[in-house]
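**Q** Going left to right, the sequence shown walks through residues -20 to -1, 1 to 69 as mature numbering (1 follows the signal peptide of the UniProt record, and there is no 0) numbers them.
Hints are computed from structural coordinates only; laboratory data are not their basis.
Label pairs and their computed distance ranges (CB to CB):
1) PRO13 - ALA56: 14 to 22 Å
2) LEU37 - PRO63: 16 to 24 Å
3) PHE17 - CYS38: 18 to 26 Å
4) CYS42 - ARG64: 25 to 33 Å
5) GLU41 - ASN68: 26 to 34 Å
6) GLY9 - LEU37: 26 to 34 Å
7) PRO19 - ARG67: 28 to 36 Å
8) SER39 - ASN68: 23 to 31 Å
We treat Cβ as the ideally placed atom computed from N, Cα and C, and that holds for glycine.
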Amino acid sequence: MKAALVLLFAAVFLNFQVKGHHVVGHEEGCASPDEVFDPCGPSCPPSCIGVIKPGTLCSTECVPGCYCRDGLVRTARGTCVTPRACRNN
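Taking the hints into account, I'd like the entire structure generated from these sequences.
**A** Structural data, given as structure tokens:
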């Protein structure tokens, strides 16, 4: 029983460590001035796909990373634009 608990805690710890390493450049900052780093961002951040086709189902999982600033959404190319600009991207 004790070994199982130790393994469980180790698995949870490693899970958080691995997810943290997926974040590219979070120590240096985000690649664009239109982005901000969020240590607990949404698994499905606002995107042009969601603007054009609303209703995407997403998990509530916390994901660290660079996200578009408030009022902006991500295009398929990875840039941040206003929702109105989605039709052009």
